[in-house]
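K.L.:
Quick mapping for you: the protein sequence lines, in order, are chains E and Z. Just so we're aligned: 387 in the working numbering is position 372 of the first sequence, and the numbers increase by one with no gaps anywhere. Just so we're aligned: 81 in the working numbering is position 78 of the second sequence, and the numbers increase by one with no gaps anywhere.
Hints are computed from structural coordinates only; laboratory data are not their basis. Please note that the accuracy of each hint is not assured.
Simulated restraints, written as ranges between beta carbons of each label pair [what the hints assert, rightly or not]:
#1 E:Ala430 x Z:Asp80: 44 to 50 Å
#2 E:Gln259 x Z:Phe128: 28 to 34 Å
#3 E:Val321 x Z:Ser127: 37 to 43 Å
#4 E:Val321 x Z:Asp80: 23 to 29 Å
#5 Z:Ser127 x E:Ala254: 33 to 39 Å
#6 Z:Asp80 x E:Ile265: 53 to 59 Å
#7 E:Val424 x Z:Asn119: 28 to 34 Å
#8 Z:Glu123 x E:Lys395: 54 to 60 Å
#9 Z:Glu123 x E:Ala430: 56 to 62 Å
Here are the simulated SDA-like cross-link-like pairs (lysine to any residue), alpha carbons at most 25 Å apart as the crow flies [as the list claims (entries may be wrong)]:
#10 Z:Lys114 x E:Asp272
#11 Z:Lys124 x E:Thr192
#12 Z:Lys114 x E:Asn222
#13 Z:Lys30 x Z:Lys106
#14 Z:Lys106 x E:Arg172
#15 E:Lys425 x E:Asp438
Anything over 12 Å on all C-beta distances counts as not near chain Z; from chain E, calculated [unchecked claim]:
#16 Leu22
#17 Pro39
#18 Phe48
#19 Ala64
#20 Leu85
#21 Lys263
#22 Ala318
#23 Ala360
#24 Thr372
#25 Glu439
Keep in mind it's a predicted model, so treat the numbers as computed, not measured. Note that beta-carbon positions come from the ideal geometry of N, C-alpha and C, so glycine has one too.
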Amino acid sequence: MGIFSFLAIFIMVRRVQASFKFSPLRAKWMPQFTTVTWMSIGLYVLAQAILKEGIVLILGGGSLLAVILLAEKEPDFNPFNSVIKAHYPLAGVSLLSGIVLIIAHKFYNDYDQFFIYAILAAFVWTLARWATTKKERAELNFVTQQNQMLDKLVADRTAELTKQKDELQQTLDLLQTTQQQLIQSEKLASLGELTAGIAHEIQNPLNFVNNFSEVSMELIDEMEEELAKGDTEEANAIAADIKQNLGKIIHHGKRADAIVKGMLQHSRASSNTKEPTDINKLADEYLRLAYHGLRAKDKTFNAELVTNFGEGLPLINMVPQDIGRVLLNLFNNAFYAVHARQVEAGVEYKPVVTLSTHQKNGSIVISVADNGTGIPGEVKDKVMQPFFTTKPTGEGTGLGLSLSYDIVVKGHNGAIEVQSKEDEGSEFFVTLPII
Amino acid sequence: MHTKILVVDDEADVQPLFIQRFRREIKSGEFDFSFALSGEEALNFLHDHHSEVVLILSDINMPGMTGIELLARIRHDYEKPPPVVMMITAYGDDENRHQAQEKGANEFLTKPLDFNLLKEKLYSFIQHD
Numbered sequence: 016m017g018i019f020s021f022l023a024i025f026i027m028v029r030r031v032q033a034s035f036k037f038s039p040l041r042a043k044w045m046p047q048f049t050t051v052t053w054m055s056i057g058l059y060v061l062a063q064a065i066l067k068e069g070i071v072l073i074l075g076g077g078s079l080l081a082v083i084l085l086a087e088k089e090p091d092f093n094p095f096n097s098v099i100k101a102h103y104p105l106a107g108v109s110l111l112s113g114i115v116l117i118i119a120h121k122f123y124n125d126y127d128q129f130f131i132y133a134i135l136a137a138f139v140w141t142l143a144r145w146a147t148t149k150k151e152r153a154e155l156n157f158v159t160q161q162n163q164m165l166d167k168l169v170a171d172r173t174a175e176l177t178k179q180k181d182e183l184q185q186t187l188d189l190l191q192t193t194q195q196q197l198i199q200s201e202k203l204a205s206l207g208e209l210t211a212g213i214a215h216e217i218q219n220p221l222n223f224v225n226n227f228s229e230v231s232m233e234l235i236d237e238m239e240e241e242l243a244k245g246d247t248e249e250a251n252a253i254a255a256d257i258k259q260n261l262g263k264i265i266h267h268g269k270r271a272d273a274i275v276k277g278m279l280q281h282s283r284a285s286s287n288t289k290e291p292t293d294i295n296k297l298a299d300e301y302l303r304l305a306y307h308g309l310r311a312k313d314k315t316f317n318a319e320l321v322t323n324f325g326e327g328l329p330l331i332n333m334v335p336q337d338i339g340r341v342l343l344n345l346f347n348n349a350f351y352a353v354h355a356r357q358v359e360a361g362v363e364y365k366p367v368v369t370l371s372t373h374q375k376n377g378s379i380v381i382s383v384a385d386n387g388t389g390i391p392g393e394v395k396d397k398v399m400q401p402f403f404t405t406k407p408t409g410e411g412t413g414l415g416l417s418l419s420y421d422i423v424v425k426g427h428n429g430a431i432e433v434q435s436k437e438d439e440g441s442e443f444f445v446t447l448p449i450i
Numbered sequence: 004m005h006t007k008i009l010v011v012d013d014e015a016d017v018q019p020l021f022i023q024r025f026r027r028e029i030k031s032g033e034f035d036f037s038f039a040l041s042g043e044e045a046l047n048f049l050h051d052h053h054s055e056v057v058l059i060l061s062d063i064n065m066p067g068m069t070g071i072e073l074l075a076r077i078r079h080d081y082e083k084p085p086p087v088v089m090m091i092t093a094y095g096d097d098e099n100r101h102q103a104q105e106k107g108a109n110e111f112l113t114k115p116l117d118f119n120l121l122k123e124k125l126y127s128f129i130q131h132d
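Based on the provided sequences and hints, a complete structural model is requested.
P.N.:
Next up, the structure:
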């Protein structure tokens with residue numbers, strides 16, 4: 016009967032060894048496994064050959080107990096703890112049977128079947144525990160595999176998402192660059208619209224500079240003649256005229272100078288320096304530029320310009336070229352609207368664009384009104400959106416009002432609003448705080 | 004005998020310029036200049052001084068009523084005697100010239116004005132009279 020304890024040791028070692036198959040623990044414990052396997056076989060064969068049955072039982076039970084105690088101490092065998100513990104009954108029953116067999120031989124012989132059943136039952140119990148452990152381990156393995164699959168899946172998805180995020184980031188960078196370029200090209204486009212107006216605006220003062228210079232030279236000749244005649248009174252009168260002319264030359268020279276400076280400011284990428292600005296002067300300047308710009312492009316176009324400038328308005332801290340661009344955009348839109356209506360309505364219609372400024376509740380309100388086509392209700396909410404345009408492809412970028420909105424609202428803490436009625440006209444209000 | 008000329012231009016400094024450019028002629032009483040800053044103002048002036056004005060020099064590009072519109076009104080309202088109308092424009096383009104001729108302009112000049120040429124034209128029209 017001693018064989019069962021040795022058999023149990025043998026099976027235990029084989030099973031543990033088998034489950035370590037793909038683990039580094041296999042290499043670590045291999046010598047011990049081999050030793051214990053051979054020792055259990057050798058010990059059994061030897062004991063069976065030379066020792067009595069009782070001693071073999073005690074030796075088997077003791078060996079099993081020793082293996083159990085040793086295995087329990089090792090953390091590497093923790094996963095098998097419960098099944099190893101299941102060997103206690105077999106070790107106990109074997110030891111007990113051996114002791115009883117030696118010290119009460121007769122008693123043992125009378126009841127030997129009980130001892131045999133007990134040992135068999137204890138052995139079968141260990142086998143049963145191994146069987147259930149195998150199932151549990153199989154389930155555990157399955158779960159582990161599932162976990163690994165899920166981990167891999169998660170890793171794959173994460174990699175995919177990271178890749179997508181990188182791609183989106185690249186797209187976003189590209190879009191931001193494109194947006195900057197579009198803003199720049201919108202500025203250039205409005206500069207193009209300005210150029211004709213600017214050319215007209217510069218030509219006039221230049222003509223005056225040339226004319227007043229020429230006439231002054233003639234006057235000097237005349238003055239010399241008068242002086243030669245001795246008519247100092249007339250000479251003085253001519254001198255006064257020359258002085259007046261020089262004043263005109265300076266005035267018109269400065270006028271051209273200011274226009275060129277304004278043009279440079281307009282094309283500059285962005286300076287963002289706010290300075291106290293006379294809004295009436297700025298608005299008037301851009302109104303003229305916008306009007307002459309359009310006139311230069313389309314000679315048949317004409318509109319009445321009405322200005323109602325509020326008197327005594329304080330200077331407003333602003334980036335003049337930015338607000339200038341906003342106003343230019345509003346004027347251009349107004350002219351576009353009246354022109355569109357003029358084409359439809361014909362001679363009876365009189366296009367009027369009105370520019371007004373006034374002070375209201377700590378702010379200055381600039382209003383640009385036209386009696387043009389007006390904005391249909393369904394698109395009124397969209398006019399400030401980027402890329403929204405009602406103009407034919409190629410004529411408008413759709414960025415004018417959206418950039419104006421950014422400049423006024425984000426750049427100057429102001430507001431930009433629109434009132435419009437289809438076929439009656441539109442009025443845009445730009446409100447800028449005085450502080 | 005002096006010739007009354009109405010100059011219509013939205014640039015105010017056109018007035019001292021003309022007065023100086025034609026100072027000899029004004030002094031000698033050959034020419035008498037009046038000025039208007041817009042087409043509307045010019046029509047008001049003509050309404051009051053129609054019989055005196057012989058010659059009108061008008062800019063085309065003005066806010067409000069354009070020179071072309073002014074010309075059309077003059078040709079419509081004042082048949083006898085028809086004043087001489089000379090158009091001036093900064094945009095020396097064919098369309099403006101064509102329109103001006105169609106509406107009955109006697110002459111078409113481009114800015115910057117050549118005052119010697121302008122004088123020649125003025126004399127030629129006066130002699131025609």
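K.L.:
Run the distance test for Z:Lys114 versus E:Asn222: straight-line Cα separation, threshold 25 Å.
P.N.:
OK: Z:Lys114 and E:Asn222 at ~8 Å, within 25 Å.
K.L.:
With d taken as the least Cβ-Cβ distance between E:Phe48 and chain Z, does d exceed 12 Å?
P.N.:
holds, 106 Å
K.L.:
E:Ala64 clear of chain Z by more than 12 Å, beta carbon to beta carbon?
P.N.:
holds, 131 Å
K.L.:
Test the statement that E:Lys263 is away from the interface with chain Z: the closest C-beta pair must be farther apart than 12 Å.
P.N.:
violated, 6 Å
K.L.:
Take a look at whether the Cβ-Cβ distance between E:Val424 and Z:Asn119 falls inside 28 to 34 Å.
P.N.:
Violated, since E:Val424 and Z:Asn119 (Cβ atoms, about 56 Å apart) do not stay within the stated range.
K.L.:
Determine whether the Cβ-Cβ distance between E:Ala430 and Z:Asp80 falls within the hinted range of 44 to 50 Å.
P.N.:
holds, 48 Å
K.L.:
Does the claim that E:Thr372 lies outside the interface with chain Z hold up, using a Cβ gap greater than 12 Å?
P.N.:
Holds, because the least Cβ-Cβ distance between E:Thr372 and chain Z comes to about 18 Å, which exceeds 12 Å.
K.L.:
With respect to the beta-carbon atoms only, verify the hint that E:Gln259 and Z:Phe128 lie 28 to 34 Å apart.
P.N.:
Since E:Gln259 and Z:Phe128 have Cβ atoms about 30 Å apart, the given range 28 to 34 Å holds.
K.L.:
Starting from the hint 56 to 62 Å, judge whether the C-beta atoms of Z:Glu123 and E:Ala430 obey it.
P.N.:
holds, 58 Å
K.L.:
So if I understand the rule, the pair passes when the alpha-carbon distance is 25 Å or less; does E:Lys425 with E:Asp438 pass?
P.N.:
It is violated: about 32 Å lies between the C-alpha atoms, which goes past 25 Å.
K.L.:
Take a quick look at whether Z:Lys114 and E:Asp272 sit within 25 Å of each other, Cα to Cα.
P.N.:
Distance of about 20 Å is within 25 Å: holds.
K.L.:
Holds or violated: 54 to 60 Å for the Cβ distance of Z:Glu123 and E:Lys395?
P.N.:
holds, 58 Å
When each numbered hint is compared with the structure, violations occur for hints 6, 7, 11, 13, 14, 15, 21 and 22.
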